[in-house]
Amino acid sequence: MKDKSATEKATNTAQPLKTGAQCVIDGLVQEGCEVLFGYPGGAVLDIFNCLYDAPFQFVLSRHEQGAVHMADGYARATGKPGCCLVTSGPGATNTVTGLATAYMDGIPLVCICGQVALNMIGNDAFQEADVMGITRPVTKHNFLVRDADELPGIIAQAFYIATTGKPGPVVIDLPKNVQKQKTAVLPPTQVAMRAYHPDIAVDSAAVAKLADLINRAERPLLYAGGGAVSGNASEVLTSLAHKANIPVCTTLMAMGVFSEDDPLALRMVGMHGSVAANYAIDHCDLLISVGARFDDRVTGKISAFASRATIVHIDIDRSAIGKSVRSDLGIEGYAKPVLEAVLPLVKQATHNEWIEQVNLWKARFPFVYPEQSDVIMPQYVIEQIHAVSKGQAVITTDVGQHQMWSTQYFRYTHPRNFISSGGLGTMGFGLPACIGAQFGRKDELVVCITGDGGVQMNFQELVVAVEHRLPIVVVIINNGYLGMVRQWQELFYGKRYSGVMLSQHKRAPNEHIDEAPVYLPDFVKMAEAHGACARRVAKPEEVAPALKEAFESRKTWVIECIVSPEANVFPMIPPGAHVAEMINRTV
Amino acid sequence: MKHIINCLVENQPGVLARIVGLISGRGYNIETLNVGPTADPTVSKMTIVVPGDSHVIEQVTRQLAKQINVIEVVDMTNRRHINRELILVRVATKSYANRAEIVDLAALFTARVVAVQEDSVMIQMAGNQETVADFLHLLKPYEIVDISRSGVIAVDRELVDSTPKNA
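Note that the protein sequences, when read in sequence, are chains A and B.
Position 488 of the first sequence, counted from 1, bears residue number 492 in the working numbering, the numbering being contiguous throughout.
Position 79 of the second sequence, counted from 1, bears residue number 69 in the working numbering, the numbering being contiguous throughout.
Derived by calculation from the structure, the hints in this document are not laboratory data.
Each hint should be verified, as a subset may be incorrect.
Claimed, not checked - Okay, the calculated beta carbon distance ranges per label pair:
1. A/F496 / B/V135: 51 to 57 Å
2. B/R70 / A/T193: 52 to 58 Å
3. B/R69 / A/A308: 55 to 61 Å
4. A/R198 / B/V25: 44 to 50 Å
5. B/Q2 / A/A308: 27 to 33 Å
6. B/V25 / A/A308: 41 to 47 Å
7. B/P31 / A/N249: 25 to 31 Å
8. A/R198 / B/V103: 41 to 47 Å
9. A/G83 / B/T121: 53 to 59 Å
10. B/P31 / A/V195: 57 to 63 Å
11. A/W492 / B/Q2: 54 to 60 Å
In this text, a Cβ means the ideal position worked out from N, Cα and C, and glycines have one as well.
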């Protein structure tokens, strides 16, 4: 969308010409970029040349996927957009998993990809890939820049799109010749887009209806999701819950948006959520979703989900309302202004019977696991991380059993303190996200809880933490298995453990390797080779001292915990099942 | 059920791919697709005919509406609207009598013969979805050698306020 008149005007006022590459740096500065994650290559040499003099920090990842996850972790930890810069072809294709991760969870990112020169596009040029085609389904929007005159406007639009409405990743595909091309166009002072209008006025009629529903409800329940975090609705959500005495459950994306130390907190809902949260969903007469999207890991059997309830869905994304679960009242809008409008209309209430019932569930069904004295239980490690850090840590995770235990055995009291790939479930996310989060929150303790599977997917990024002297602590819950897959194979596939053994021990016949070492890698040596401090612990009494040393050292640490190999995550509602089919093991 | 979806979009490269990708990515086959500029050359109108159940189509239209370059999306199916499709169909003629029958049939549908050869006629026919389907059904006993269809276009019967929500 080239605005000729604007171009001419700018030229007439005799602005000094600058290259497209310089426009990128200036645009990032204008958008408040503090740290740029990325990896260079032939198609972005001009930008890296300008980057040499940039006023913000550049962080070189060791793989482009790592760079995007770092930007993502930074964005989740700070609420500011993450920025990354990669080269064309393989550089850009390596970002796809990171972009898809951010897209599923609504995380604001701007990713600038080099591209071959415009006249080479479509010619199978060296390091060429159809980045627009490849990234289209995993981004909120993407741009191909055809002319340097468009670039200042596109950068401003990219940040605007990434951070407004339901946030998401935006890709700017920037051909090499455009980086060299000169322009006099200045960045716009204001972004106005013809077909994108994320500012939504609060629908006061709908708000009045919601207030009325709350005032008449006997068993109301708040169900907060990622939108409550990205919409900065934590405080008003808490005020609403307290005023009308409404219990609150959260999704994986919203851990801590309502303090889990609050008596009204039911903690996480869904497949591996608390019994109380899931029973409350099943028994409530009014379910108020605040920026949650009724993911299948939350709902289980959709036809039976919250079957006794009037369902209210507050979401900035209209297409999410009623998508998977019927919605009796849909309110399109940002969580915070909607709740702020509802709050004064809501009457104080006690809901004594309901609260009593909910508290009974909480007391009867806490998260429990079989304690052992000779072997470390994985759940115990998480409890100790919580205890030693006094709950004051930012936690990032990979995906699987350790991720679920991290929701169950650490209590989150603030939003943006639990950083995890929710929608896409991306293994390899934890370590780079931890690095990004530490860049955003320099003075806080940032801990990556990961597994022996997930950590190997992006282990190379540990170097980045070490070279930047980041005091992150990586805790590897090592059970020798791809644990969550193994758990499903145990429960649903007759214990036929296929493709989940990370050791050579008891492998299926077609996976057997003669004379291979029993277990690889040695994580302590691996961490030390990357320059980090490292320790392996195998006894329960060693866990807390190791954590204490690492947390206090302000150095990059890897602690490998050898844990009970076949511990399972409970409770568990089998996929597509109703809460009544919950599998729970009590001690 | 078939749905006719009208989509007003910014006339830019990549927008068509985004729309088509969104629909096909869900495993739905686009039956016909028509794109052309509107009175405002910076805006294009797409008319998409896609079969699917109403819940899913509603979801698709909402997903389409939130695309950055999409100005407005309307499911025309249950609105008072006029739809038309233009087809060019070449039918084999085995004899004079055979040709006469085909021309006669075309006349009943106010279709025109636009080219004649010794062994075939080319018919230009325009009508709404049902009429086109009826015409093609009646042509079945004859041999259709070639067919090109423009895809359905649709407009509201009455002038309606088309200001997009939230604009």
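Does the structure break any of the earlier hints, and which numbers would those be?
-> Hints 2, 3, 4, 5, 7, 10, 11 contradicted; others consistent.
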